[in-house]
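*Asks:* Dock the two chains into a complex; use the hints.
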Amino acid sequence: MADFDLDSADGRREALRRMVTIRAFDEEAGDRFADGEIPGFVHLYIGEEAVGVGACASLDSDDYIASTHRGHGHCIAKGLDPKYMMAELYGKAEGYCNGKGGSMHIADVDAGMLGANGIVGAGPPLATGAALSIDYQDRDQVAVGFLGDGAVAQGQVHEAINLASTWDLPAIFVVENNHYGEGTPVEKQHNLENLSDTAQAYDIPGVTVDGMDITAVAEAVAEARERARAGDGPTMVEAQTYRYRGHYEGDEEPYRDEDEIERWKDRDPIESFKDRLIERGELTDEEFDELRSDAEATIENAVEYAQETDSPDPTAAYEDVFADRPPELDRFANVARTDGGANGGDHR
Amino acid sequence: MTAQAELELETETMTVREAIRQALREELQRDEDVYLMGEDVGLFGGVLEVTSGLFEEFGEERVRDTPISEAGFMGAATGAAATGTRPVVELMFSDFAGVAMEQIMNQMAKMHYMFGGKAELPVTVRTTEGGGMGAASQHSGTVHTWIAHFPGLKAVAPGTAASAKGLTKAAIRSDDPVFVFENKMIYEQSGEVPTDEDFTVPIGEAAVEREGDDVTVVATQRLVGESLGVADSLEGDVSVEVIDPRSLYPLDTETIVESVEKTGRLVVADESPLSYGTHAEIVARVQEEAFFSLDAPIQRVGTPDTHIPFSPPLEQEVLPDDDDVRAAIERIA
Numbered sequence: 001m002a003d004f005d006l007d008s009a010d011g012r013r014e015a016l017r018r019m020v021t022i023r024a025f026d027e028e029a030g031d032r033f034a035d036g037e038i039p040g041f042v043h044l045y046i047g048e049e050a051v052g053v054g055a056c057a058s059l060d061s062d063d064y065i066a067s068t069h070r071g072h073g074h075c076i077a078k079g080l081d082p083k084y085m086m087a088e089l090y091g092k093a094e095g096y097c098n099g100k101g102g103s104m105h106i107a108d109v110d111a112g113m114l115g116a117n118g119i120v121g122a123g124p125p126l127a128t129g130a131a132l133s134i135d136y137q138d139r140d141q142v143a144v145g146f147l148g149d150g151a152v153a154q155g156q157v158h159e160a161i162n163l164a165s166t167w168d169l170p171a172i173f174v175v176e177n178n179h180y181g182e183g184t185p186v187e188k189q190h191n192l193e194n195l196s197d198t199a200q201a202y203d204i205p206g207v208t209v210d211g212m213d214i215t216a217v218a219e220a221v222a223e224a225r226e227r228a229r230a231g232d233g234p235t236m237v238e239a240q241t242y243r244y245r246g247h248y249e250g251d252e253e254p255y256r257d258e259d260e261i262e263r264w265k266d267r268d269p270i271e272s273f274k275d276r277l278i279e280r281g282e283l284t285d286e287e288f289d290e291l292r293s294d295a296e297a298t299i300e301n302a303v304e305y306a307q308e309t310d311s312p313d314p315t316a317a318y319e320d321v322f323a324d325r326p327p328e329l330d331r332f333a334n335v336a337r338t339d340g341g342a343n344g345g346d347h348r
Numbered sequence: 001m002t003a004q005a006e007l008e009l010e011t012e013t014m015t016v017r018e019a020i021r022q023a024l025r026e027e028l029q030r031d032e033d034v035y036l037m038g039e040d041v042g043l044f045g046g047v048l049e050v051t052s053g054l055f056e057e058f059g060e061e062r063v064r065d066t067p068i069s070e071a072g073f074m075g076a077a078t079g080a081a082a083t084g085t086r087p088v089v090e091l092m093f094s095d096f097a098g099v100a101m102e103q104i105m106n107q108m109a110k111m112h113y114m115f116g117g118k119a120e121l122p123v124t125v126r127t128t129e130g131g132g133m134g135a136a137s138q139h140s141g142t143v144h145t146w147i148a149h150f151p152g153l154k155a156v157a158p159g160t161a162a163s164a165k166g167l168t169k170a171a172i173r174s175d176d177p178v179f180v181f182e183n184k185m186i187y188e189q190s191g192e193v194p195t196d197e198d199f200t201v202p203i204g205e206a207a208v209e210r211e212g213d214d215v216t217v218v219a220t221q222r223l224v225g226e227s228l229g230v231a232d233s234l235e236g237d238v239s240v241e242v243i244d245p246r247s248l249y250p251l252d253t254e255t256i257v258e259s260v261e262k263t264g265r266l267v268v269a270d271e272s273p274l275s276y277g278t279h280a281e282i283v284a285r286v287q288e289e290a291f292f293s294l295d296a297p298i299q300r301v302g303t304p305d306t307h308i309p310f311s312p313p314l315e316q317e318v319l320p321d322d323d324d325v326r327a328a329i330e331r332i333a
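Note that the protein sequences, when read in sequence, are chains V and B. If you count the first sequence from 1, position 114 lands on 114 in UniProt numbering, and the numbers rise without skipping. If you count the second sequence from 1, position 28 lands on 28 in UniProt numbering, and the numbers rise without skipping.
Here chain B stands alone, though its shape is the one from the complex (with noise of 0.2 Å):
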């Protein structure tokens, strides 16, 4: 569904927080075989209060409490994947997912293949990613681009609420491992929201949140927001068009080639480290089916190959941000 579409539904105004929430409401509701599982999701609510609430009015039985063990429950989620439930995990900072590695990366993301196909893995990993709190770079990472990168995981980072919603909805109903990575910077962030209970974003499917003639910005997360942002203000100057792939693996080549077969150049903004990663994928899908329509070097917008430092000088100065996107668009426009 575009994200034109998405607003032809009814929607409310709520914040991604919410937004993630009432997905997680809805699916408990709707089937029985979910629950969710992770450290204090349940009467604490959870440490970014996500799943707030949810104790109360499903019980302990599907909103669990696990103790501080990332790889026993990680690797539990898996198996109960393997033998009829559909467990939804938070993961409370993605960081953590180095504790749970091997479950993640040996056990859940091959069984499907190496069991020939012969079982189904139904979770999903809910998880925080990106800098901004002051939280140290053990709190303040980005690993979807490992996740992306793992064959037999799915990766999906909504940038708006309306995709928060529907991206956890498709997640819970994939029949995959899904990782859902939320940017805790942008819980507060509000949007308007389908509330039909069957609304969901296919995974893969990016969203065009901006229409623009001049340059095409791919925009994860929080720099979805910003760089609609510097698309606003630069009216008039350049014609911004902003595209949140909003899955990263499958991600949706085709929406964003047609884009810059439009507009012939590109910035890439995502907040994880520069080598290796997100934007490398994107950058190299296009010049793959779209070199010639290029008429500047891409752009890339991202974290300097560094750690997310705790003072909030140094981390504002490895954070991207919407000042980088604008000078990004400048360079090339």
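If we strip away everything but chain V, and leave its shape as in the complex, we get (with noise of 0.2 Å):
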């Protein structure tokens, strides 16, 4: 099973530290933004940390997940190192994609983390691939799809879920309805009140869930898990959750008010699961306070080494584009660098 499971006491807390680690990751995240330290722009996961690490804990550490815009959260609940996910969001060597992907394309295969993506609606198809490599080669293994409530509207997603339907392939896919799509509420982007009812036209289960609580996504993911590695193919599994910090960090939020994010706070996935530890005796306001510190701890040690850390050389940007390199990316890289090439060297 996963390095943690929420079945064994060691398993919560390692779940709690995993959602704690991805709260300081993107609110550290998100000041660094601010800052202007962060190229490009981030997508926050703070409020949807039950979601990802639920879904986690049911699956196998070689088991595959693809991700969506705001997969930070997912690459902490899969387990990747929060210091090489920072060097990537700084755009440095050491990252993940060797700061050629950034917060919206963190990956590490090896890891079972297919990339977040930056398109809407891609990662559910690269899902049903990965499940198909599964099942083609009889592995053990499950792969997930994660998708946001958005995704729902995209062609391709159906298509990944019928294809995952048809060949019964072992895929999971989780939607994470935090209720907009982007700047849209998600009531004006589609005509149903539970997303996963479109799994009904492919004739899968399709569960909508408490995404602000961890053991109802873990324990949907745990099934879901187990049908797919019956040979019974794919679900889907909503997660009702809400995200707490606009589409992108600097959104200005015209679309909500702050009395309906207070009510979702209320509700909070690490207070309410924290609470649960703390009743049934198995964690104390002491050790959530300790775990926390250490998680801060971890995210300032990552930013320190994003920052210190080196810059890729310019002339990475030519590297992998291919594995099998082509000479045109040696001729037309000197020509693009001011200090010219042998291009139009024809001088006779």
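If you're looking for bench data, these hints aren't it; they were derived computationally from the structure.
Partial selection, computed: residues in chain V whose CB lies under 7 Å from chain B:
hint, residue
1, V109
2, P125
3, T128
4, L132
5, S133
Subject to a maximum C-alpha distance of 30 Å in a straight line, what follows is the list of computed DSS-like cross-link-like pairs (lysine-lysine):
hint, chain 1, residue 1, chain 2, residue 2
6, V, K188, V, K265
7, V, K83, V, K265
8, B, K118, V, K92
9, B, K118, V, K83
10, V, K83, V, K274
C-beta atoms are modelled at their ideal positions from N, C-alpha and C, and glycine is treated no differently.
*Replies:* See below:
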């Protein structure tokens, strides 16, 4: 099973640690972005931690996930190292993608993470593909495609689910319904109350669970995983959750009010899970404070590492376009550089 | 391997269709991680019959019929390639790339790069191109220019049966995404094809199909055979060298440039639309490398910038053919 399992006290503590680490990572990423240290744009996962961590708690460490724009949480839930994640956000050579992906594209295939994705709805077809490899090679794994509520409107998502269903592939589609597709409320994008009802069209199970409750998410995904491994095909799990921050950092959020955000914060996934662990006698307030300061220290170290580690050499821009490098890369890289190149060199 | 060296291997006469089928069969036999997927590739045998018989031979696990769902199966092939298998996708008509373009341009083409080189994408996409069947503009296009334009994708386009087999095998063995553009009008064209199971045509190597001294014709797909015919008919008047680049990206600039340095004259013949495309790329590279070797303006033969129409006289009007190649040679020879 996973490196952490909600059926054990240690596993529950690890799940809480991952949720807290995600929040610390994203709060810090938001601050560092605001300070102008992180280029591009960032989409934070704050508020949705129970979904990624709950799903990954029910996965084996070699299962695959394909992620979304909002991928930091999935990465940490899957066990990626915040140090190399932060380095990637900073565009550094030691980042997971050597500084070529950034926040929206962190990936580590060896760790089963098939990439955050800059295109809404592009991850589920990749997850279906990973499930195809698993099925084809009779491997004992599953592939999870995370998608947002907005992506449920994308054609390629339906094609991916239909293909996985038709071929009984070991795939799980986890819809993170955070109630906004970019700046438009979910009700204005879909005529369904539960997005999991779309599963009916593919004759696969579709369930809607409380995405602020890590246990509910983990149980649904565990059941889906059993079904997938038994050869019974995919399941759609819709987790009702909420993002506390805007679509991207700097989003002025004209589409919602503070009261709504506060109502959801009352059901905060970290606070509620922490309270349950304290009630069960598995955790004290002091231990939680310690866990949180450890997470914050981890993220501080990650930022320090990201700030200090080297930027990529500019020539790396021409590397890894292909596994087998074609001559064009040398030919044109020379032209583009200001010191000129050999082209146009027919000087006879 | 040059066209000459290929012919030194043991060969059999077969059609382009049979050559591709033989390539697929050999690669399915050689590597269990290789499988075929696409619309009607199974029991039906492919709408243009390229995969005929492979379903019976290899079974439904390895020759998989997909739903009519190009974005879905192109994405699935990409995800599958990134996770340890080697899918060979048939995209029935290259025009349908439009339906799957997101997965092609943003996922398949970019994953290796955006992941810092940490994912390999051994996916092969076989697809048909070209007019001449009265199939109208949604089933006759030549999209190889778009694909060759995207960094991260390789594009090959065989003009002979031998290169069809060799390039298909090389594409399947490549760890990069490779599109194989099969011109549907040459499926019935026969040629000598090496039967050696290790025979491949390296991606990025052109073939000098015919040597000559006066004019170089760089021709692709159907126009390779037609240009060879023209060259034969001009024998004695004009000595024509015919080069099939075979691989459009990467492009074997060196072989083309060497030829132009010898002949001083160039015709580029490719069925795609003339603006901004394959012709332009070849012309640009030749002027960069061999400008002072040119004795006449470079000539282009292609589709005037229009769609492929349905009605046969209209279709014949727009499709470039051997007469256009002959006229282009005569303008500069």
